[in-house]
Amino acid sequence: MRQVKTIPGNADVPGSNPLTRLLGKKNADENRKKFNWERQVNSHLTKGECDLYYWELNPSLKWVQHYTQAGLQCDEFPFASTYQGKVGNDYSVRPINGLQNRNHGWTWLGTFYLRNRLADKDPFLVRTRS
Numbered sequence: 683m684r685q686v687k688t689i690p691g692n693a694d695v696p697g698s699n700p701l702t703r704l705l706g707k708k709n710a711d712e713n714r715k716k717f718n719w720e721r722q723v724n725s726h727l728t729k730g731e732c733d734l735y736y737w738e739l740n741p742s743l744k745w746v747q748h749y750t751q752a753g754l755q756c757d758e759f760p761f762a763s764t765y766q767g768k769v770g771n772d773y774s775v776r777p778i779n780g781l782q783n784r785n786h787g788w789t790w791l792g793t794f795y796l797r798n799r800l801a802d803k804d805p806f807l808v809r810t811r812s
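Each residue of the sequence shown is one higher than the last, beginning at 683 in the numbering used here.
Think about it this way: if two alpha-carbon atoms lie no more than 25 Å apart in a straight line, the pair counts; the simulated SDA-like pairs of lysine to any residue are: (1) 768 with 787; (2) 707 with 810; (3) 687 with 735; (4) 687 with 787; (5) 716 with 729; (6) 707 with 769.
The following label-pair restraints were derived from C-beta to C-beta distances: (7) 780 with 801: 26 to 32 Å; (8) 720 with 694: 33 to 39 Å; (9) 724 with 771: 18 to 24 Å; (10) 725 with 687: 28 to 34 Å; (11) 720 with 784: 16 to 22 Å; (12) 803 with 694: 22 to 28 Å; (13) 744 with 799: 41 to 47 Å.
Hints were generated in silico from the structure; no laboratory data involved.
Small disclaimer: the values here were computed from a predicted structure and weren't measured.
Beta carbons: idealized from backbone N, C-alpha and C, even for Gly.
Based on the sequences and whatever the hints tell you, model everything.
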């Protein structure tokens, strides 16, 4: 059973703590390690939180195929490019199409940061839709 989380940065939740911009690709890559770590579990290699989620959705592939082998990337929220992307247990991850993930991170999120002139530690909220 998944735990109840209070994920920061949600503009639709009154009183939600904002996200704060974290500058530098090296810093963001360090944050991604939280979700993409490799370790042995029951003498099998896992590639982190996204593997666990992928296997939950695809039980026949558990310990057989990693999400990366299916052409997926680990999408995380809060974003790795925020200070909140590396702390606590209040986050959400899901393996998604790699091209879509790259386009969102490099194009849309980067454009958002530039257009809004977000500097290091500048706060912001996110409104999502499905």
